[in-house]
Amino acid sequence: MPKILKISFPEKCVGCEMCAIEAQRQLRKIGLDGALIRVFRNTNSKLGNIEYALEIDPRISSLNVDKIQKICPKGVFEVEETD
Amino acid sequence: METRPRKILSIDLTKKEYEVKSFEDLNSYIGGVGLGFKLMEMYYDKNPLIFAVGPLNGLFPFASKTAVVINNDGVIEDIYLGGSISLRIRYAGLDAIVIHGVSREKAILDITNAGVSFKDPSEDPETLGLPGKRSVIKVDGSKILLGGYFTTPEHYLEKEFTDKNISGIVVTGTELINIRDFDKYEDLYKKILNRKDELSVLEGTYPSCSNCPMGCGKSKTGEMGGNVLLHSLVACQYADRIYTDVGVVFSCLNVLGYNYTHEDIESLPKLIEQTLRRIS
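Top to bottom, those sequences are chains A and B. Each residue of the first sequence is one higher than the one before, starting from 1 at the first, in my numbering. Each residue of the second sequence is one higher than the one before, starting from 1 at the first, in my numbering.
Think of the hints as simulated: they come from the structure by calculation, not from any bench. Bear in mind that the values here come from a model prediction, so they are computed numbers and not experimental data. Keep in mind that a hint or two might mislead.
30 Å max Cα-Cα, derived DSS-like pairs, lysine-lysine [stated by the list, open to error]:
1) A:Lys12 / B:Lys196
2) A:Lys12 / B:Lys191
3) B:Lys159 / B:Lys15
4) B:Lys220 / A:Lys67
5) A:Lys29 / B:Lys220
6) A:Lys12 / B:Lys159
7) A:Lys74 / A:Lys29
Please model the complete structure; the sequences and the hints are all you need to start from.
See the structure below:
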């Protein structure tokens, strides 16, 4: 059954990029070129607050999304099974 | 001794020129503080600001620091900046960035891989480079902040930016690193990541350095001084139980294709001390 990686708690993100790096490793890549997850600092956040935003390429579903969810230290992601 | 050339991006602010130099003879300095001190010796007359990464940056967890070497009125200082910039420099295919001279007008350095654009300070550094692949160091009030959060001890970067007339540095890295035995590398990566509990810092919810899951409260102000092996690699000082273990270090270097010997590692502190003595 296909699985979807969902960004359920973006406010918990600390910007460590472990998820992006894990996804790249699954593609046997070291580096962020062609990364399927991108982590940005949200420059619109309130003064003094550091927040991060994430973008996921739909092709992420071809990877082991459970591993990506698990490597996130803050529980930003949830994995959903689809029909 | 391994013979991998070190790739240095040299930026002349006075002439608004840059070049990438490949040095075959810097292997014994490994990277980070070792490489930074040697580059300080080589560029001493030009009063350089040096950002140097080590062989583990961008490749192993808890190795997220960048050695910043400066000449503070005759005293050579080594400080360590957290955040994402070590990964960006590594993924730019560089071992160090050497910024020298003084810019006539305030300038932002927009670095993408081995290329540099000298931008007007009216531009917003946050719009330069490539999103998701860049690090931005810029003036934020009275401070110089990386990613709006990370800074260096003693405000050394503030002084360097003022003296050199720099108002921002953006580093974007888009290169990929090839590893011959990827399975072995991945296995080692996971083993080291599983040693998270050995770090001498508490996990938190603060902005974290890239490739480090800790989110600790210590990385904000960076580090100063400390173990030269850690700081040549360039690992976090709170991961010292992992990265002062010579077996782990050799495993990491070996899987990355470096061929250092025990003698090379053992002679590193003396080599660094001698280099520092020559320039102090």
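B:Lys220 paired with A:Lys67 [C-alpha distance capped at 30 Å] | holds, 28 Å
Mind checking the alpha carbons of A:Lys12 and B:Lys159 for me, to see if they're no more than 30 Å apart?
-> violated, 34 Å
Hey, A:Lys12 versus B:Lys196, does the alpha-carbon distance stay inside 30 Å?
-> Given pair A:Lys12, B:Lys196 holds - Cα atoms ~19 Å apart, limit 30 Å.
Measure nothing beyond the straight line between the CA atoms of B:Lys159 and B:Lys15; if it is 30 Å or shorter, mark the hint as holding.
-> holds, 21 Å
Is A:Lys74 within 30 Å of A:Lys29, Cα to Cα?
-> holds, 24 Å
Given pair status - B:Lys220, A:Lys29, alpha carbons within 30 Å | holds, 29 Å
Proposed proximity, B:Lys191 with A:Lys12 (alpha carbon, max 30 Å) | holds, 25 Å
This entry does not satisfy hint 6, going by the numbered hints stated previously; all others are met.
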